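**Student:** Given chain A, work out where chain B should sit, using these hints.
Top line first, the protein sequences correspond to chains A and B. One point on numbering: in my numbering, the residue at position 267 of the first sequence is 267, and numbering is uninterrupted. One point on numbering: in my numbering, the residue at position 150 of the second sequence is 150, and numbering is uninterrupted.
By construction, these hints were calculated from the structure, which means they are not laboratory data. Fair warning: this is a prediction, and the values are worked out from it, not measured in the lab. Backbone N, C-alpha and C define an ideal beta-carbon position, used for all residues, glycine too. Hints may contain errors.
To be verified - With the C-beta cut set under 7 Å, the calculated list includes, among others, these residues of chain B facing chain A:
1. Leu-6
2. Pro-25
3. Ser-193
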Amino acid sequence: MTRHTGFYQKTAEASAKRDLASKLYVATYRQSDGRQAICPELGDVEHFRQLSADLRDHVLKNLDTYLDRLVANLERAGTKIHWARTAEEAREIVRRVAADNAVKRIVKSKSMITEEIDLNPVLEADGIEVTETDLGEYIVQLAGQKPGHIVTPAVHCSTQDVVEIFQKKIGYNGPADPTKLTKAARVILRDKFRNADMGISGVNFAVADPGLIAICTNEGNGRYVTTRPRIYLAVMGIERIVPDLEAAALMLKMLARFSTGQRITQYTTFTAGPSRDGEGPEQVHLVLVDNGRSGILAGKYWRILRCIRCGSCLNACPVFRHIGGHCFPGCYSGPIGSILLPQLLGLDKSFDLPKASSLCGLCGDVCPVKVPIPDILLDLRHDSARSGYGGPVEKIGMTVMAKAMRRPWMYRFGQRAMRWFLKPMSKNGWIRYLPGPPGGWTSVKDLPVPAPRSFLRQWQANNSDGQTTK
Amino acid sequence: MTSNVLETIRQALRSGPINSTESHPLEAERARLFFAEADRKKLIDLFAQRARSSGASVHVVGELNKLSETIGTIISDGERLAVDRPDVISERLGSGFLNQLKESYRTVVARQLDREEIFKINVAITPVDFAIAETGSIIISAGSDRSRMSSLTSDKHIALIWADQIVPDLMDLPAQFKRVFADNVPPGFTIISGPSKTADIEMNLVIGVHGPGELHLIVLLKGIAGNPPK
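Next up, chain B with everything else stripped away, as it sits in the complex:
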C-alpha cells in the first residue's frame, strides 16, 4: 500500500497544474518578531508579560532564600511534591537546596513514581530545556532522566528557568533544539505556554481542565546560577 499512495501523489504532481519544485522559501529571519536582545532584562520582561497574559504566574528571583520563600507560598500544607531532574537542580542550586525541599515538603523524585503514583502528586517542580519570550513558553522534553507526566498530572506546576535559557522568538526553537539535543531527537517534547484551560462551554474561560490549573514560572537571575543545564 505504501507505494500506492505515494505513487498517486507523484502522478498528481506530474499531471496536475502544480509541478515545479523550488527550494524551501522560508527564511527564518523573515518570520521573526523579536531579535537577539543584548539587554537580558528586556527579554525577561517580555517573557514574563507574555506568560502572564496566557495565565501563568511569573516570579523573578535573584537569591536562593527568595526562591525557597517563593516556593513556600505556592505549596500548601500536606501537598505531595514531585521533583524532576534532581541532579540538575542540585548541580545548579546546590544539594543543600534539594535537601531543604525534602525537609520542608512531602517530596519524591518524579521518575521514581510508578504509573499509579504519578497521579497522586499535587505539585511538580521541573527544570526546563529552554524558554521562549515571544509566546511566554517553556520546553520540556522526554527522556530517561526526566519526567513528562509530573508536569501534567500535578495541580500546580513550578518550572525553574535560568535567565539565559530564554530566547526571543519562536523562530529560535530550531536552533535551541539543536543546541540542547544535537542529533539525539528525544521521543517527545512539549511547548508549555500557560495553565491548562478551556472555553468550550459558552466561551467561559475555565482554568485547570486536564492539566495543572496553576503554572508558576520562576526565572532565576544570574547571581543564583551559572550556565543552563544541558
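Excised from the complex, chain A in its bound form:
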C-alpha cells in the first residue's frame, strides 16, 4: 500500500467540510484579485520580480556579512542580540528574558516564526498571560486553534463562528456584525496593550545598515507592541534581512502588493533600539533563529529562503483553496509550506506535501521573489520516490513504466494490454471503479475507456511515411 503521513487523511476531512471551501474561496480570491488589480501599476511586473529575486539571492549569498552588520548596528543602538540554533533554544531565550524582568503580561503581534518555534505554550506554562493582538490571530487564540493562513489567520472562521467564540470567551452579546465584533475586541485589547510588560513580534525585514527591525501591520498592533511595553522582543529567522533602506523600500513595494493588494501596509514600524527619552521600550531584544535554515542554505533548495511570507502562493493555489492551512503538519501551509516543511520537519514526516499540488505552476508565477516552487515540488516528489516513501506499489509501477517507455514494443504491448484489461470494466464509455491501488483514482474521478486505436497508430495511419516511429 501507498504510505501516508496523516496529511492525506486531513486533506480528505478538510475537503469534506463544505463551508470551509467557500470561506477559503472568498478570502483567497479577494486577495488574489487585489494583487491582480494593483500589480499592473508596477508597469513591468516581471522586472520588479527579478529585481527582488536578485536582491534576495544577494542577501542569501552574503548572509554572514549582513548578519554581522545588522548585529553591530543594532547593538550600537542598544538592542540586545540573542542567537538560537534551534526552536528550543529560541524558546528558552524568550523565557529567560521574561523571567529576568518578572514579566507577567505579554502582547504579541502576529508572527509566523513564533508559531514555528511554538512559543506561546512555554510562556503560558510559566504563568505569563500571552495575548495575540492581531484580530484574526486573537480570534484563533480564543478558539484554541492554529492560524489557517500565513497572512489572514482566521480565514476559516465565519462571522457567526466569531460571534460564538466571543460569546464564550469574552462575554460578547452584540449582533453578528464584523464592525461591532472588532470594536469589542478593540476595547479588550487596548487594556492589554496598556498593561503589558513585554511586547513580542516577528520581523518582516531587518535592515542591516542602518540597523532596523521592521514590522508591517494594518491594525496598528505592531506599533503598540513595539512602543508601549517596557520590553520589546523581536524574533526573526536569520534569512529575513535586507542590506539597506533602498532594499527595504523595494521589499515593501512588493510585500503588500502581492499579499493583500495594497501598495503598502497601513503601518510599517521600524525599531533601532531602546528609547532614551521615556516613551518607547526601555529594552529591545532580537532573537535570531536558525532552526534548520543554515541547513537549507547548504542544500540544493536554498532558494526557498528567498520567501518573504506574503501568502500570494496560498491565495493562488487551487489545492489550498479547498483544504486550507490546518491540514499541514506545521505553521506554514499552501505551496510554500509544501516545500518549506519538508526542510524543517524532514521528508519522512512530510513526503506527502509536495503531492498536494496540481502542478499548474501558478504559485511560481505569483511569487514576488520568484521562489521556483513548481520545480521544487517536482524535485521533492523525486526525492521522496528515491527514499522509498512512495511505497512498493508505486515503486514497482514506476520501474515497469520506466522500462516500457524505453522499449517501444513493450510500450505498444502495454497499451493494448491495458485496453484489453480495462474495456470489460467500463459502462457507457466510462470506468467508475477499479480494484486495488488504482481504485484511489476512481474513488474520486471517472476514467474514460482508452480509445480503440492509440494515438501512435492514428499518427502512423495519418502520416503514412511513418517518419516518427521506427
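**Tutor:** Same frame as chain A, but now just chain B:
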C-alpha cells in the same frame, strides 16, 4: 552561541551550491515608479489620490484661516486634543495659531502626558518628518521632542504636511531619512499609510481597530509655510 550560528552559516555558504559574493545588485533608480517632479501640484495630487485610496482624508490648504476651519470640522465638542512638536508648529505657523488651538479646544502637549493620560486623548495633531506620494504615506519618528504614542492612541489623527515635504517614490525613503536624521538614527519611526484597518472577519473591511479610525492629512501649500521642519 553567537559564533555557532554564524559559523554554521559560513560553512553552509562554503560547502553549499551558493558561494559567490557580488556587490549589491539593486540600483534604486530601477525600482522607481515615480521620478522627481518639477510640478509640485502633480505630486500633491498623486499623494492625495493614493492616500485617499487607502482610507485617509486629504485636505489641501493654502491659508491659515482655512487650516483652522478644517481642523474645526474634524474636532467635535469636548474632545481632548494632543498637540505634538508645538515648537515646530508655532515656528512654522506662528504662535498665534497655537494659542488659537489652545483657546478653541481642550488642548495638551502630547509629550507632557504620562503613560496613562496618553490613552485618554481623542485627537492628535502631529507634524511629519516627510511624506511619500507613491503610497500616500507619512513618516513619524521617535525622539525626546516628539510623541509616537499620540498618533496611535487617538481616535482621530491630524497630520500636518508641508507641500515640499512630499517626495515622489518609496525609493526616496533612504535619501529623505539621511536628510532628516543624518547619522542620528532615531530609536524608531513609522510609515503611516492610512487609518487602522482590518479585514480579518470574512474579509469585511473594518476601520479603526487598534489605531485611529480617522486619518486626516492636511497638506499646507507654500503661502502658509516656508521650509519644512528639520
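**Student:** For this structure, which hints from the list above don't hold up?
**Tutor:** none
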